[in-house]
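Visitor: Listed here are the chains, written in short residue letters.
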Amino acid sequence: MTQKTTNQRAWFLVLPVLALVAFSSIIPMITVVNYSFQDSFGGNEFFWVGLEWYRELLQSERLWDALGRQLLFSSIILLIEIPLGILIALSMPKKGWMASLCLVLMALPLLIPYNVVGTIWQVFARADIGLLGRAISDLGLSYNYAQNAFDAWVTVIVMDVWHWTSLVALLSYAGLRSIPNAYYQAAEIDQASRWAVFRYIELPKMRGVLIIAVLLRFMDSFMIYTEPFVLTGGGPGNATTFLSIDLVKMALGQFDLGPAAAFSLMYFLVILLISYVFYTVMISADNDGAAR
Amino acid sequence: MASITLENLAHSYRSDPKGEADFALRELNHTWEDGHAYALLGPSGCGKTTLLNIISGLLQPTRGRVLFGDQDVTQASTAQRNIAQVFQFPVVYDTMTVGQNLAFPLRNRGMDARYIEERVQRIAQMIGLEGHLGQKARGLTADLKQKISLGRGVVRDDVNAILFDEPLTVIDPNLKWELRTQLKSLHREFGHTMIYVTHDQTEALTFAEKVVVMHEGQVLQIGTPQELFEKPAHVFVGYFIGSPGMNFLPVSVQGRRAIAHGQTSALAQDYGHPQGDIMLGIRPEFTRLTKGEGLPVMIKRVQDVGRYKFVNATVFEREINIVLDAHIEIEADMTKVSLDPDKISIFSNDWRIDPASEGKL
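Going down the list, the protein sequences come from chains A and B. At position 27 of the first sequence (counting the first as 1) the number is 27 in this note's numbering, and the numbers step up by one without a gap. Quick note: to get this note's numbering, add 1000 to the position in the second sequence (first position is 1).
Simulated from the structure, these hints should not be mistaken for lab results. There may be inaccurate statements among the hints.
With a cut-off of at most 30 Å between alpha-carbon atoms, the simulated DSBU-like pairs for lysine-lysine come out as follows [said to hold, decoys possible]:
#, chain 1, residue 1, chain 2, residue 2
1, B, 1291, B, 1231
2, B, 1336, B, 1300
3, A, 205, B, 1176
4, A, 94, B, 1231
5, B, 1018, A, 95
6, B, 1136, B, 1184
7, A, 205, B, 1291
Partial selection, computed: residues in chain B whose CB lies under 10 Å from chain A [as the list claims (entries may be wrong)]:
#, residue
8, 1003
9, 1084
10, 1086
11, 1093
12, 1094
13, 1133
14, 1149
Glycine is no exception: its CB is placed at the ideal position from the N, C-alpha and C atoms.
Can you make the complete structure from the sequences, with help from the hints?
Guide: Below you can see the structure in the form of structure tokens.
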């Protein structure tokens, strides 16, 4: 009598989710895959071209240049924001209303929409009317982010540092606060220098949150679009054309659907690969911790 | 090395302490003699750790002075005091090996590399870490980590005193005994002054030559384990030391007799006519069930734990405990409990009174 009856009607219960995921992710994704193997013309005409777009893109200087800029940008961002964030976290007050005030002030830039950040800096850094841009010019330094590639880079980097260093600082602060007081007392008894306390207590204890901070900042800066797009539009020339700006130019500016599709798939794979590397690193760090 | 003297020491965590109640540590005068092993015993929150942190210099006392030998160190930093402290939770430097951990305090003091090497080897051998020197500290078990903490303390040969703040809390029970034995042998070897904070009386009584019992920020008694057991200076000491603790009966005392509800028990000494709230205290170990003499008793429960029988009973509606040897049979007509006159303590307003006033704080 205990024979199980299979009830296929249960499938209806997952149908809404399946439909939602299909329309929001799977079908668009397949469409992109489809586009990447075809050439398109007006009037919805498509021709099969095989791996042509991939071959072309991998040989195009344009893609490699954008990737190079992207990697350089992400590296600079990490090299500035991680140490700066840690430094800020170390110098933040530990308790009291000052600590709360600091936390609120630090969180503010994180709450501003990306395109607003871009607009703020676009105006702020303008050489003719912007507070910052005008001040620098008046100091006798030649500065114009709209014409000089180096100035544009500096502005984009400073903007990103302004926008995102708080995230690193807040994560590091949380990590620091979780260190029991006994560690500092023991270090005092061992006559450890300030540097030794940082090197042997604080840094190892922050390891977990720092991996997360590096991961978040890397992924985010690797996909950066809105802020430089609003600020410089990828210019001057192609100086601040990062991968996603280039992608949008290709897809919507030139309406090259095939190459843009191939581009986005490769972009996606690169991000997936890097995520996987970070994931592995994090898991191995966790295992190290679990062995305690 | 030096003796440690506390002069009129008191501490409050409030910035403007008003009454006694604001003090986490009430006024205290005491000298920790050089080379002795002390235990600081008391329930959680009684001010043990506060006192310890004042001695080690991690905390500045609100009032009073701390002297090492005859040198005032009240304002001196922890490092200047040359104190070693082992904390409740093991503190190790995760990224270093065991050997580097042990060498760390010496390296920070700029010692000669050869000396460090030699010293680390010696200490590692002594505390049973010689097989782990090359290992990373982070993967080790709690007891090995606690040994590292201890090792970092004793590796310096100029240490004035070693302070322990409930060091065995996170250690497995079967390893506690081993570590405690090692502490004792370290003490014999080096003769450091050791102060050991704990709320576990077994730990305190087995470790220390002298035990300091604290309660609500106040030091109640300082004495050998035997003194605490036989002549508790305060009702709390009687209750806190021993398992089960001391039994108390409200009585009135006239000379050599204690009278409760018209029933008389003999006393070994002449107490005169003490005033205040008088309590008679007797250890469960020094009571007997009898058929004739003694106070009327109602037995409620008997637990046989092998070597002993724990008897839970009431005398004049107050609960008391009686400990009997296991071979003693409890019979139905044992309706009285007799108290050993030599072992009776008399307390007035919670403090012990002694006709000869010996053993009093």
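Visitor: Now, for every hint given, state plainly whether the structure supports it.
Guide: Structure-based check of each hint:
Taking the CA atoms of residue 1291(B) and residue 1231(B), the gap is near 29 Å; set against the 30 Å cutoff, the hint holds. For a cut-off of 30 Å, the pair hint linking residue 1336(B) to residue 1300(B) stands: about 13 Å separates their Cα positions. Our distance criterion of 30 Å between C-alpha atoms is met by residue 205(A) and residue 1176(B), whose separation comes to about 28 Å. With a C-alpha separation of about 48 Å, the suggested pairing of residue 94(A) with residue 1231(B) is violated against the 30 Å cut-off.
Pair hint residue 1018(B) plus residue 95(A) holds up; C-alpha atoms about 25 Å apart against a cutoff of 30 Å. Under the criterion of a C-alpha separation no larger than 30 Å, the hint pairing residue 1136(B) with residue 1184(B) is consistent with the structure, at around 27 Å. Between the alpha carbons of residue 205(A) and residue 1291(B) the distance comes to roughly 67 Å, so the proposed pair goes past 30 Å and is violated. Taking 10 Å as the C-beta contact cut-off toward chain A, the hint placing residue 1003(B) at the interface is violated, the least distance being around 20 Å.
Annotation: residue 1084(B) was flagged as interfacial toward chain A, and the flag holds, the nearest CB pair being 6 Å apart, inside 10 Å. Given hint, residue 1086(B) at the interface with chain A, holds; its Cβ is 9 Å from that chain's nearest Cβ, closer than 10 Å. The beta carbon of residue 1093(B) is positioned within 10 Å of a beta carbon in chain A (closest approach about 4 Å), and the interface hint is therefore held. The criterion of a C-beta within 10 Å of any C-beta in chain A is met by residue 1094(B), whose closest approach is roughly 5 Å, and the hint holds.
Taking 10 Å as the C-beta cut-off, the interface hint given for residue 1133(B) is violated, the closest approach to chain A being about 17 Å. Annotation: interface hint on residue 1149(B) holds; nearest CB of chain A at approximately 7 Å, less than 10 Å.
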